[in-house]
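Undergrad: Each protein sequence line maps, in turn, to chains B and E. At the far end of the first sequence sits residue 308, using the working numbering, and the numbering has no gaps. At the far end of the second sequence sits residue 308, using the working numbering, and the numbering has no gaps.
None of these hints come from the bench; they were simulated from the model. Every value quoted in this text rests on a predicted model; they were computed, and no experiment measured them. Fair warning: there could be bad hints in the mix.
Stated by the list, open to error - Partial list, derived from the structure: chain E residues whose beta carbon lies under 7 Å from chain B: (1) Pro215; (2) Ile219; (3) Ile222; (4) Gln223; (5) Ser226; (6) Ala234; (7) His237; (8) Phe238; (9) Gly239; (10) Ala243; (11) Gly263; (12) Phe308.
Quick reminder that beta carbons are idealized off the backbone N, C-alpha and C, glycines included.
Each chain, written out:
There are 2 protein chains.
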Amino acid sequence: MTPHSITPEALRRQARDGTFTSHTSGYCSGFVQTNLVVLPKSWADEFFVFAQQNPKPCPLVAWSQKAGDPIVNVENYAIDIRSDLPGYRVWKSGELVSEQNDVSEYWQDDFVSFLIGCSFSFEEALIADGLDIRNISQGTNVPMYDTNVACTPTERFHGNVVVSMRPFVPKDAIRMIQICSRFPSVHGAPIHFGDPAAIGIHNIEAPDYGEPVEFRTGEVPVFTACGVTPQAVIAAAKPPICITHQPGKMLVTDIPNSRLAVF
Amino acid sequence: MTPHSITPEALRRQARDGTFTSHTSGYCSGFVQTNLVVLPKSWADEFFVFAQQNPKPCPLVAWSQKAGDPIVNVENYAIDIRSDLPGYRVWKSGELVSEQNDVSEYWQDDFVSFLIGCSFSFEEALIADGLDIRNISQGTNVPMYDTNVACTPTERFHGNVVVSMRPFVPKDAIRMIQICSRFPSVHGAPIHFGDPAAIGIHNIEAPDYGEPVEFRTGEVPVFTACGVTPQAVIAAAKPPICITHQPGKMLVTDIPNSRLAVF
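This is chain B alone, in the form it adopts within the complex (with noise of 0.2 Å):
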C-alpha cells in the first residue's frame, strides 16, 4: 500500500497502534486532513466565537458535540481524538511541555475538539488543474509570515493573521483565486497578493515560519490566511491547558476534499 491509496481509517489505526508516527502529507490523497486544538469548555466557548469571525484564518471542518467526548464523529467513522493523530503537542499557559503520540493521560472531561481545515485540500485542487505549487514542487513547506492584518478579537482570543504565501504569475493568480474561493473551510481565496508591505511583510526571502521559496519572471506572492493564526492566538491567549497537533501531522478525516466545495 502506497502513502497515497492507504485509507484514512487505515492510518488512523496505525497512529493509535503507534506504527505510524510520521508527517501525514502525501498520505490519502483526496481526503482531507486537518489542524487539531483541544481547550477546556471555557476557554472553548470563546474559541467556538472567535473561530465563527475569523473564517479565513480559522475555519472549522468540525468539533465535539459534548464536552469531554473523545470521539468526533466525522463521515460515519468515529474517530479518536486522544490517539488517531500520529503526533501531539501538550502546552500548559502557552507554554509547549510534551510532545506525544497518544495524549489519553492528558484528557479531561471538560475537552472541547476543534478540526481546522488546512491548505493541503486547495493545494491539491490547484494542482489538479494544472497549477504549480512551488513549496511542493521545491519539496520545501510553505513560507508563512506574521501580517499587520488584525483578527476580529474576542476578550481573550486576539493577534494578526499569520499568511502563507505561494507565487504565481497573474493568470494563474486569477484562476487560483477561483479555486480557492470555492474551499471557504480550507482559507477560501487569498487576503492579499503583490506588495508584502501592504500586510505588514518587510522581508519576503526571510519568511516567519517554514521557508523561503523561489520567484520566477512575472510571478508575483500570494497570501493565504494560515492555520498557524489559531494557534498563535492561542498560545498568546495562555489558556492553563490545550492539546494540539504536531505540525505536519495532521489528522486524516475520511471527508473527501471535494466535498469541502461549495460550488
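On the provided structure of chain B, position chain E as indicated by the hints.
TA: Below, chain E without anything else, positioned relative to chain B:
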C-alpha cells in the same frame, strides 16, 4: 419616469419611434445591455466559431435563430434589431459608412444578429457589493487598451484582445475576481492584473480607447477582456457589410443582470 426606472420595453419602443437616441448608460438599471453585431450568414457562421473559442472577449448573450429574421426573441419580448437600439453604425468592407437611428433600409435577408455581453452588467454587481468603479465614480468612459494577447483565430477573424482596465487595491481585486467569475457571459474573470507591460501595454496613462482613470494609493490595474475586441476583429476582416450599435447606445434587454450569474 427616471432613467433608472424606465422599463427596457418602453425604452426600446422610444428608440423604435425615434424619440430616444441617447446613450443608454444608467438606464433600466438591473437589466442586461448588449453590444450588437450583424453579419451576413456567410460571415456569421465563422463568427459563431470565433465567439465560441474566444468567450472572454466575445461572450454571446443571444443571437438570431434564423438568418434574415430581424426579430430576436429575448425573455419573451420580440426585439426588432433594425430599430430597437438608439443608434447604429453601418460598415462596408471595414469602413464606417453611416450612422443611423434605424437600419431597415440596409437589412438583408441573410443577416444574422449577435447580442454580445457588456461590462455594464458586472459593474452593477461590483457597485452593489460596495466596490468603487473608478470610471463610473469619475464619470468617464472606461480606459481600454490594445494588448499582445492573441485571440484564437478563425480563417478570417483574428487579432489581439482589447482589455478594459479598472484599478483596485488587491483585497478588492480579489473580490472583483470572485464576482466577475460568476458572470462568464459578460467577459467573466479578468485576464491579468499588475504589470501592464506583461500583456503589451506600454503606457497605462494613454489608453487606446476611452479615457484614463486615477490610481489611488496601493491600487493595481486589473484588466478584463472587452467587447471592443470583436468589433476590431471584424473591422480588420472587412466583411462586405456589417451593422453594429453606436458606442454607448446599447441594446437594452429584459434579462435581469442577476440571471447571467452562473452560481
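Undergrad: Look at each hint and say if it fits the structure.
TA: Hints versus structure:
no. : hint   : result
1   : Pro215 : 5 Å, holds
2   : Ile219 : 5 Å, holds
3   : Ile222 : 5 Å, holds
4   : Gln223 : 5 Å, holds
5   : Ser226 : 5 Å, holds
6   : Ala234 : 5 Å, holds
7   : His237 : 5 Å, holds
8   : Phe238 : 5 Å, holds
9   : Gly239 : 5 Å, holds
10  : Ala243 : 6 Å, holds
11  : Gly263 : 6 Å, holds
12  : Phe308 : 5 Å, holds
In this structure, every one of the numbered hints holds.
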